[in-house]
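Heads up: the protein sequence lines correspond to chains C and X, in order. Start counting the first sequence at 1; every next residue gets the next number (the working numbering). Start counting the second sequence at 1001; every next residue gets the next number (the working numbering).
Calculated directly from the structure, the hints in this document are not laboratory data. Hints may be right or wrong, so weigh each one.
So the derived list for chain C, only partly shown, Cβ under 7 angstroms to chain X, looks like this [claimed, not checked]: (1) M1; (2) A5; (3) S12; (4) K118; (5) P121; (6) L124; (7) V143; (8) I154; (9) K155; (10) N157; (11) R257; (12) T335; (13) K338; (14) T340.
Partial pick of chain C residues on the chain X-facing surface, computed with a CB cut under 10 angstroms [stated by the list, open to error]: (15) K6; (16) L13; (17) P138; (18) I144; (19) V159.
The model shown is predicted, which means the values in this text are computed figures rather than measured ones. All residues carry an ideal CB built from backbone N, CA and C; glycine is no exception.
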Amino acid sequence: MKTAAKIFLYISLALLAVWVLPWAWRIVTLKSYSTPFTLYSCVIHDFTRLERSDSKDLTFIDRKGNVYSDEVQPLFYGRVLNTKGALPDTLEGRPVTLALIDSMNVVFDASPKDFNRKVIPVCLLMESVPFRMELQDPEDAFVIRKEGIVLYDIKDNTVQEEKTKAFSDALASQGFVFPVAQYSGNPSHHKSYDEGYLLIDSAGNLFQLKQVNGEPYARRFTQADGIGARYVNITELSSMALMGWFTDGADNMYFLRPDGQVFRSDVKYNPAKESLLGVGDIFYYTIKVSDDDGEKFYALRADDFSLVDSMDRPYEFEKEFNLCKYIFPCRLYFTSSKETWVRPHFVDFSWIGLIVDLAAIAAIVFIRQRRKNKARK
Amino acid sequence: MGKMILYKEWLKTKGFIFGALGALVLLVFYCLLSIVKTAQLNGTETLWVLILQRDYVLVETLKYFPVALGALLAVVQYLPEISRKRLKLTLHLPYPQKKTVFAMYGYGLIVLLAFFAFISIVILIVFRHFVAGELVTRIFATVAVWFLAGIAAYLWGAAICLEPTWKMRAVLIGLLAALLLLLFISSTPEAYNRILVGLFIYVLCGQLLVFNSILRFKEGLQD
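Bound conformation, chain C alone (with noise of 0.2 angstroms):
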């Protein structure tokens, strides 16, 4: 018993410290990086990264070095250059109005924390063709199970055995085989118009399911049969150019017109791993891809989001000293900014933090033993 609690001790301290102490070493040592923020112009054709100038304004730098105001971005800059008077009437042979621009740009985000997370299996359902226009709280919810989906009335907490019916029928009329790979909605009235949910079925097709006049509406995207979506999510951004994106197997990223248009495109992202920053406006998507290394832009056309131009920026740290890989085997962690999840991660393995502390316990057994002897003696 004694040895087992032994044991246990060593075992607990030595986990405790690999924790506390590497934790505690980089908050001393942690330094703030940030990086600019990076579009495509639409303007000279290059991606520009903003910065401040020594006399404090803002400036847009492309990759030659080329210093430009902030009217080499007219279209995320609209508003600022049309108070000025300074906005183009026309650009890329197209003439552009404020209303034209603010209507067509767009910013959409996703964190690996979003897809590395327990998915509940109950979602809330709105009502996508609300009576009065305005989009109303939800009043409905569908939990999903193995073998299908069961409507509640989220009012009194019963099953809706008739809409169970009728919206179980409508994804099967689709052919959606459960049990749901993934899923991604946002039933909020926080947003001009709702588009249900984007569902991967277990044979990785592409469904869309909403309630449209209490009457279930699932549809599925036939172009999108074949290339095995792994992860999916809805954007329903306000200028209804692109209702989601998908990602496959090997992280190629298609994109979702409303109208049902699946578009490949060249953009590599894993949304486990990185972090996704799209901006968009009338002619061109700028996609930033971020992961511990560095960021990745692409620069995308908005009409059939071809690849125009793309560019990496590995970060620039300077290499801290990190006093812990001489002390420690590896580093533990519980929580990340990749995920919900409070797991173990032990990483940062250091062989010279091995051999260091086996020579130290060896080191403590020996003085030990010696004292032993001598106290025999």
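We have chain C; now place chain X onto it with these hints.
Frame of chain C; chain X shown alone:
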């Protein structure tokens, strides 16, 4: 003899148990009142929205009750053993020592489990009425971590109280603090699902520390 030990533990803790029960009833009453009032004033659908979109489990009021219960029960049960020097007598009873120690902390664990069962039954009855079973499961998976913190506080608390030296006591306090930090490091519901079984096994291994403290006490270790 086992029954006698349990009776001794009951005599020591009955005042605390009734006090804790009173506090729990008040907390549960407050918690239920706020849930029922929310449902009455804003509609039952608000409860669904709070759970699904705001990451609430609606019983957050009870979050630190289990850990406080576990720690205080350990203090009430074991501090008199040390401060009034009863432990030596207890260990010299004509009964196997392991069984004596097991009966002591087994009693404490049963008391804790009874409290946790009461909380679980209330959650089950109330929430089954308002939300789907899947959401009740979500609440239970979240509350389970709080219960685990209660058991950890009790077992480690017992080991700390029974430990004869301050040096080892400080080590145990450090370990308990780290364990509780881990158990409350995230407030996201179901965040611990993937390590819940592992944590449960680790927390139960805390029994070894109770026995270790007793053995060290018997060896006559002192600061």
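Against the structure shown, which of the earlier numbered hints fail to hold, in ascending order?
11, 13
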